[in-house]
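Just so you know, the sequences run in chain order A and B.
Read in order, the letters of the first sequence correspond to residues 1 to 365 in this note's numbering.
Read in order, the letters of the second sequence correspond to residues 1 to 388 in this note's numbering.
Treat each hint with caution, since some may be false.
What the hints assert, rightly or not - To give an idea of the interface, some chain A residues facing chain B are shown, with a C-beta separation under 7 Å as derived from the structure: (1) T35; (2) V39; (3) L61; (4) G63; (5) Q197; (6) G238; (7) V252; (8) Y266; (9) H281; (10) R295; (11) T298; (12) H337; (13) F353.
To be verified - Quick look at which bits of chain A chain B covers, simulated, 3 or more residues with Cβ under 8 Å: (14) 1 to 7; (15) 244 to 251; (16) 255 to 264; (17) 305 to 316.
Note that these hints are calculated values from the structure, not bench results.
Note that the structure is predicted; figures quoted are calculated from it, not measured.
Glycine included, each C-beta is placed from N, C-alpha and C at the ideal position.
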Amino acid sequence: MNFTFTQDQLDFQDAIASMLRSEVTADTVRSRWATTAGVDERFLSQVHELGLNSMLVPEALGGLGLGVTDFILLAEACGEVALPEPVVESVMVSTPLLVDILDQGLGNADIQKVVDGVLAGDLRVSLGHAINPCINYADSADWFLVSEGDGIYLVPKEAISLKARKSVDPSRRLFSVSFDPRDHVRVADGDVGARLQRSTLNRGALANAAQLVGLSRGMLDQSVRYTTDREQFGRAIGANQAVKHLLADVAVQVEYAKPVVYRAAYTVGVSPNRADFAVSHAKSAAARAALMASRHCTQVHGAMGYTWECDLQIWTKRAWALAREWGDEGFHNNRIHEWLLRKDALLGPEFTFGRGSITDLEKAG
Amino acid sequence: MDLVYTPAQQTFRAEARKWLTAHVPSERLPSFDTAEGFEAHRQWERTLAKGNWGMVTWPTEFGGRGCNLIEWLIFEEEYYRAGAPLRVNQNGIFLLGPTLMEYGTPEQKARFIPAMASGDEIWAQGWSEPNAGSDMAAIRCRADRDGDEFVINGQKIWSTRAVYADWVFGLFRTDPDSSRHHGLSKLLVPLNSEGITVRPIEQLNGLPGFAEIFFDDVRVPAFNLLGGEGEGWRIAMATAGFERGLMLRSPARFQQACKRLVQLYRENGSDVINPQIESAVVRCYMDAEAYALSTYQTASKLCSGGTIGAEASCNKIFWSEMDLLIHETAMDLLGARAEIEPQTAAEFAELGVWLDGFMFAQSGPIYAGTNEIQRNIIAERMLGMPRK
Numbered sequence: 001m002n003f004t005f006t007q008d009q010l011d012f013q014d015a016i017a018s019m020l021r022s023e024v025t026a027d028t029v030r031s032r033w034a035t036t037a038g039v040d041e042r043f044l045s046q047v048h049e050l051g052l053n054s055m056l057v058p059e060a061l062g063g064l065g066l067g068v069t070d071f072i073l074l075a076e077a078c079g080e081v082a083l084p085e086p087v088v089e090s091v092m093v094s095t096p097l098l099v100d101i102l103d104q105g106l107g108n109a110d111i112q113k114v115v116d117g118v119l120a121g122d123l124r125v126s127l128g129h130a131i132n133p134c135i136n137y138a139d140s141a142d143w144f145l146v147s148e149g150d151g152i153y154l155v156p157k158e159a160i161s162l163k164a165r166k167s168v169d170p171s172r173r174l175f176s177v178s179f180d181p182r183d184h185v186r187v188a189d190g191d192v193g194a195r196l197q198r199s200t201l202n203r204g205a206l207a208n209a210a211q212l213v214g215l216s217r218g219m220l221d222q223s224v225r226y227t228t229d230r231e232q233f234g235r236a237i238g239a240n241q242a243v244k245h246l247l248a249d250v251a252v253q254v255e256y257a258k259p260v261v262y263r264a265a266y267t268v269g270v271s272p273n274r275a276d277f278a279v280s281h282a283k284s285a286a287a288r289a290a291l292m293a294s295r296h297c298t299q300v301h302g303a304m305g306y307t308w309e310c311d312l313q314i315w316t317k318r319a320w321a322l323a324r325e326w327g328d329e330g331f332h333n334n335r336i337h338e339w340l341l342r343k344d345a346l347l348g349p350e351f352t353f354g355r356g357s358i359t360d361l362e363k364a365g
Numbered sequence: 001m002d003l004v005y006t007p008a009q010q011t012f013r014a015e016a017r018k019w020l021t022a023h024v025p026s027e028r029l030p031s032f033d034t035a036e037g038f039e040a041h042r043q044w045e046r047t048l049a050k051g052n053w054g055m056v057t058w059p060t061e062f063g064g065r066g067c068n069l070i071e072w073l074i075f076e077e078e079y080y081r082a083g084a085p086l087r088v089n090q091n092g093i094f095l096l097g098p099t100l101m102e103y104g105t106p107e108q109k110a111r112f113i114p115a116m117a118s119g120d121e122i123w124a125q126g127w128s129e130p131n132a133g134s135d136m137a138a139i140r141c142r143a144d145r146d147g148d149e150f151v152i153n154g155q156k157i158w159s160t161r162a163v164y165a166d167w168v169f170g171l172f173r174t175d176p177d178s179s180r181h182h183g184l185s186k187l188l189v190p191l192n193s194e195g196i197t198v199r200p201i202e203q204l205n206g207l208p209g210f211a212e213i214f215f216d217d218v219r220v221p222a223f224n225l226l227g228g229e230g231e232g233w234r235i236a237m238a239t240a241g242f243e244r245g246l247m248l249r250s251p252a253r254f255q256q257a258c259k260r261l262v263q264l265y266r267e268n269g270s271d272v273i274n275p276q277i278e279s280a281v282v283r284c285y286m287d288a289e290a291y292a293l294s295t296y297q298t299a300s301k302l303c304s305g306g307t308i309g310a311e312a313s314c315n316k317i318f319w320s321e322m323d324l325l326i327h328e329t330a331m332d333l334l335g336a337r338a339e340i341e342p343q344t345a346a347e348f349a350e351l352g353v354w355l356d357g358f359m360f361a362q363s364g365p366i367y368a369g370t371n372e373i374q375r376n377i378i379a380e381r382m383l384g385m386p387r388k
């Protein structure tokens, strides 16, 4: 039992986080807003050179063969700078789905080509899931993984029609899509398709949960700076308890969302049976923290917090969106509710880490 | 990251479970805030000590098992799973014990720890004074050096367990010319000393869970000074760190309460659609899990040589507000029956356990540093916001 990250994992997070802090600033995010594609190509090639795209791909398929716990801190770091490009979604959600399809011998001739293209950094894949009404960054994708019913379809961009939908968050580029669900583009169906959709939902929710933790920290940092600099009544507004307590409340929520997110990252890798519960908890806790952060941090910025000029909006709007994408709090709380009412639910202090670890004990006792 | 127990940890859990199953009293003990209940709980401490389960993290020479914090968590999980009595010795084993281990001389450890472990000496806390509550550095109760003794004069208040306890530990002003957090020392005082008057204070439940202590020329040997003279504040902060940080409220307590809450919900409410209660039950369960996960994370960090940082101040707010929500939700599930005081063991199991817990939960955001003070600490020390 060891609930810590390795020094290597922490060092890698440090390295990526400092790269992100220098490359992804409020100014460069606003520059992206001003472009048509909303993507910084130079930044994306940097991400590719760092090997992020292939991190979670098994070595046998040409990847680095690392696990979700190796990436989760990086996902958090992407959230902390409010990175607009869907790097986390690509690494944690769409690429693993491609790998699952390939691994299980599903799909058609295109699938190998697409996986190779993603690993080479030549191709981008966007993901559609029934739980989300739109697809983010669909206009810069070469291929689409989309679901309909229990089916999952791998569709080239030529066979997809896109309709742009503007998000409240200028860092998001939403499109509603339509396509013809023909047999030849279907890569999974029935129980297999439903299972893949469910694991994809869990990965998506976890990806957002990690980013929401990062976003919350980003908002807290800015608010601490602002309330330290801004003076009223002859002193920093941050010296007032009413202001302190708003931010302390956020800190508490973030502090208790983190281990839940890390446990979920561990669980999706080793115990798919408990993944629904672990992920829903992570998403719900992280969303709660981030939504509280958005509200309290806007409040401590005063009127500035309600301006376009104030950079805080880059984080708050992203938090509003990511908190609800891949299932909102209600959806995830309902999954936990169902789990709690199951006859075979493992409730009680001895089951924090599930049954697996104490099977022998139960046989004995 | 490896969230699986080792075979040795599983064996330890099995051993704890076996012993607890054989020894936990089948009937609930009376409250330890009654004379009868206090002695019954003292007996339970003796039983624990005989089995070397009194404080598993202590070295074997002090009656412990030399366990690390992960094993402590496992023991606590089994302890609450078994429905074992609350620890009347909590002030001693969780608060003073670790401080003695760190700052005590070998002679002090030999004098105090075995008696604490055996339940022969139960400890009360003596921090607050009428004019030093949240502002603990305003302590005025004096302990003047007189040769090989200290002479104590003044008053302590809100001293938990002081009505029936044997000893009190606390902070006293040993330098009469000092102010604030300077010149304070940590002293260990027998409550049967000449010159001590203990005046019980009835708590919200009508029982004397804490007391005022009046000191009138009370003499204690200089041997009872823990750490250096004038070092009291620093040592107290270490104690407060243990208290807030890890051991005061083990997660198992809340996980067990949530397990009971879910059972209550299944029996009383899950078939009636009440989204408010549904969402509260889910929230309680999530928060209890989160608290457990966070504690495992901290324990793992400490086991691999790390330290507890300012983020530990978040703990107390989190668990005390969770405890309130758990019990408020149970009261909501019980509805108008919630107010009924139990008269039988069966009624206690159904109603009283929640009413008791609900009442006790009211104190959580207040004791061990109010949650408002904790929020200040988080803002200033963890987030770095300006003090003035």
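In rising order, the numbers of the hints this structure does not comply with | Of the numbered hints, 1, 2, 3, 4, 5, 10, 11, 17 do not hold.
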